[in-house]
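As given, the protein sequences belong to chains F and B, one line each in that order.
The first sequence begins at 67 in this note's numbering and counts up by one.
The second sequence begins at 67 in this note's numbering and counts up by one.
If you are wondering where the hints come from, they were derived from the structure by calculation, not from laboratory data.
Values in this document were obtained by computation on a predicted structure and should not be read as measured data.
Hints may be right or wrong, so weigh each one.
What the hints assert, rightly or not - Result set (SDA-like, lysine to any residue): computed pairs, CA atoms no more than 25 Å apart in a straight line:
# : chain 1 : residue 1 : chain 2 : residue 2
1 : B       : K124      : F       : K114
2 : B       : K124      : F       : M103
3 : B       : K124      : F       : N99
4 : F       : K114      : F       : G80
5 : B       : K114      : B       : L92
Number of protein chains: 2
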Amino acid sequence: MNDIHPSRRRRERGSRERILAAATDLFTTQGINATGMEQLSTVAEVSKRTLYTHFRSKDELVLAYLQALQRDALPVSGAPDEPLLDPREQLLSIFDAMPRDTTVPIRGCQFLNASVEVPDPEHSAHQFAAAYKREFARRLANIARQAGISDAETLGEQLALLYDGVAARGTALNSSDTSACARSIAEVLVDAALAGARPESSRT
Amino acid sequence: MNDIHPSRRRRERGSRERILAAATDLFTTQGINATGMEQLSTVAEVSKRTLYTHFRSKDELVLAYLQALQRDALPVSGAPDEPLLDPREQLLSIFDAMPRDTTVPIRGCQFLNASVEVPDPEHSAHQFAAAYKREFARRLANIARQAGISDAETLGEQLALLYDGVAARGTALNSSDTSACARSIAEVLVDAALAGARPESSRT
């Protein structure tokens, strides 16, 4: 049923991975619209023909880039039966400043950046970025709910908004100092919410 | 000393204004990198030659676009001798949701968007956007200081970060609901800061 020679399949899988790696690098650092298919094929070391075999259009590649990012980027667990060691720290950890390479500009959140570069809200990339951003807030709300916080949705949305502020302002100022500013606000919100939370024994 | 005929000067001033209006519209709605000089000259109804007479490069036009925006966009006064009617409302008013045309996508903050589209922190557009973002926080801090708030810089930076969160998240979700979320956080911060502020009579 499969008449492709194993070595050819291996080579093709390698091409796809190289294309995605090149897209991730170039879309992140120089932007989606500043990156052409020509440059992508050069950096990925594949022909234009091979590039279009794997991704029929740039839109398809942009979507695959965001999908691959999502697999690595959602920092909080949504599994409802996972033990929460310290919900407070889990919620606040999204504001831990990343170790920074000061030789490259800060590029914030690639999902936010994609929504700026692809303005049409109906476009697959914009839709995917929006869904990711909602899922991010939902996962924070899950942690808050498991910690007994009553209005967990509001807290999740507030923390997600702060996170987006860090990413956007950090990109503009090319600074990671915005994380500490957001964390100080988040501590106020989380501590107030935890103070009003139901004690662990009374949770269903 | 001025050998340009008045009608020609008038026409040229008209061209420059049309170019800037076209740039503001296109850069805002479809993005800086998605907009070429060809389309700009078409929409502004000027020849490419006239376009390049007024702006020697696209970079120069992008900078002029941001400069023109700044003149209209800084929402808070930095004049130290201006009477403050209600500092609380003045600080919170940046989170008032704009009246929205639901037929066009939300595009958040054009300065943030420029910093995403022009990644190089040394580029004139990125530098201008960063300076604008710092000035925005500084003006909020000025209001806070005049209201007797001791750590006015921190509050200014916090509110500016929330504002950027509204803009970035609102763009991704294509929603203006993020304003109310940010305002609820800002109220907590502003009220706590005002509660610890020096009374008006003791201010220098």
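- Message: Need the list of violated hint numbers for this structure, in ascending order.
- Response: The structure conflicts with hint 1 only, although it agrees with all the remaining ones.
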